[in-house]
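S.K.: Which chain is which? The protein sequence lines are D and G, in order.
For the first sequence, our numbering begins at 1 and goes up steadily by one.
For the second sequence, our numbering begins at 1001 and goes up steadily by one.
Just so you know, not all the hints are guaranteed correct.
Unchecked claim - Within a straight-line C-alpha distance of at most 30 Å, the following computed DSSO-like cross-link-like pairs (lysine-lysine) qualify:
#1 88/D / 21/D
#2 1036/G / 1021/G
#3 36/D / 25/D
#4 88/D / 1021/G
#5 1036/G / 88/D
#6 103/D / 1035/G
#7 1111/G / 1088/G
#8 111/D / 1098/G
#9 1038/G / 1021/G
#10 1025/G / 1103/G
#11 1111/G / 88/D
#12 1036/G / 103/D
#13 38/D / 1013/G
#14 1038/G / 88/D
#15 13/D / 1103/G
#16 1021/G / 35/D
#17 1025/G / 1038/G
#18 111/D / 1035/G
#19 13/D / 103/D
#20 1098/G / 1111/G
Since the hints were made in silico from the structure, they are not lab data.
Everything numeric in this text was worked out from a predicted model, so none of it was measured.
2 protein chains.
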Amino acid sequence: MYALGTHLLVELKDCNPDILKNLEKVRSALVTAAKKAKATVIDLSFREFQPFGISGIVVIAESHITIHTWPEYGYAAVDIFTCGDLIKTEVAASYIIKQLESKNPSIVEMKRGILSHKNEKLPHKVTLRPTAFNEEYQMMSR
Amino acid sequence: MYALGTHLLVELKDCNPDILKNLEKVRSALVTAAKKAKATVIDLSFREFQPFGISGIVVIAESHITIHTWPEYGYAAVDIFTCGDLIKTEVAASYIIKQLESKNPSIVEMKRGILSHKNEKLPHKVTLRPTAFNEEYQMMSR
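Next comes chain D alone, as it looks inside the complex:
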């Protein structure tokens, strides 16, 4: 049974709160995780909130990795969404768990886009289109 996407929902409890509130460490954990999983990083957006907490998104050619941290509860929610079967999602998840020092991690793996129950393989997209549309659309809060 083939699906277009694989989605890991990673619940990280009992993390090190000091790491969860450190933008550089959180960013480094996600970007390095993406690279270790053999994903192609194409964009990043990380922000810090008041009183504390970080939201981060790593756009990869194969989909995305996101994180939202609540240092006050030692908790972080991580999502690793990939298409194709070349990306080692479990490597990315393990690395993030280790870097955030979670003592109580759990992972749910979901298949996204199950379009066939037959034993046929579905292709995936990995190449960016080299046209004018291949621009990044950025805007700030309005």
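The hints should help you fit chain G onto chain D, whose structure is shown.
M.R.: Same frame as chain D, but now just chain G:
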């Protein structure tokens, strides 16, 4: 039972393929959905792939909305992740379903960060920190 986050996993089958391959329409659908849900849009990243297909991320102050489309299968995977109870996730989901003309949508709602089984409310973060760390970290593919 309170959770820190609410996560809608939206599976959109039998969409209009022409819309799924239209970057402007997909982008507009997600950004407008975020606004209709009363979320605060703070960043966007949308890209088109070869031979077709779009990946898009809307960073909102309250977490994120993402989409990955496969026009060749009429399928799109949408995730709506929010914290707090002020954001109308179901409004965002309904709007995206309508805009992509999905004739076969399904939604799974997951609670993220269930830290207590008691009837106590957990706070959420909505204010960006006005410091040097509150910069956007952007980089292109390497």
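S.K.: Each hint needs a verdict: does it hold in this structure or not?
M.R.: Here is what the structure says about each hint:
Taking the CA atoms of residue 88/D and residue 21/D, the gap is about 27 Å. The hint holds against a cut of 30 Å. Of the supplied pair hints, the one linking residue 1036/G and residue 1021/G holds, its CA atoms being roughly 23 Å apart against a limit of 30 Å. In summary, the hint linking residue 36/D to residue 25/D is supported, as the alpha carbons are separated by about 16 Å, within the 30 Å threshold. Between the alpha carbons of residue 88/D and residue 1021/G the distance comes to roughly 27 Å, so the proposed pair stays at or under 30 Å and holds.
A C-alpha spacing of about 36 Å is found between residue 1036/G and residue 88/D, which places the hinted pair above 30 Å, so the restraint is violated. With a C-alpha separation of about 37 Å, the suggested pairing of residue 103/D with residue 1035/G is violated against the 30 Å cut-off. This hinted pair checks out: residue 1111/G and residue 1088/G have alpha carbons roughly 15 Å apart, not beyond 30 Å. Proximity of residue 111/D to residue 1098/G is assessed by CA-CA distance (about 23 Å); at most 30 Å being required, the pair is judged to hold.
A threshold of 30 Å between alpha carbons decides the hint, and for residue 1038/G with residue 1021/G the separation of about 27 Å falls inside it, so the pair holds. The suggested pairing of residue 1025/G with residue 1103/G holds, with an alpha-carbon distance near 18 Å, which does not exceed 30 Å. For a cut-off of 30 Å, the pair hint linking residue 1111/G to residue 88/D stands: about 26 Å separates their Cα positions. A threshold of 30 Å between alpha carbons decides the hint, and for residue 1036/G with residue 103/D the separation of about 38 Å lies outside it, so the pair is violated.
Between residue 38/D and residue 1013/G the CA atoms are separated by roughly 29 Å; this keeps the pair inside 30 Å, and the hint holds. Taking the CA atoms of residue 1038/G and residue 88/D, the gap is about 36 Å. The hint is violated against a cut of 30 Å. Of the supplied pair hints, the one linking residue 13/D and residue 1103/G is violated, its CA atoms being roughly 38 Å apart against a limit of 30 Å. Proposed proximity of residue 1021/G and residue 35/D is supported: the alpha carbons are some 28 Å apart, at most 30 Å.
Proposed proximity of residue 1025/G and residue 1038/G is supported: the alpha carbons are some 20 Å apart, at most 30 Å. Between residue 111/D and residue 1035/G, the direct Cα distance comes to roughly 29 Å. Compliance with the 30 Å bound is thereby established for this hinted pair. Note on residue 13/D and residue 103/D: the hinted pairing holds, with a Cα-Cα distance of about 7 Å set against a maximum of 30 Å. Between residue 1098/G and residue 1111/G the alpha-carbon distance is near 24 Å, which keeps this suggested pair within the 30 Å criterion.
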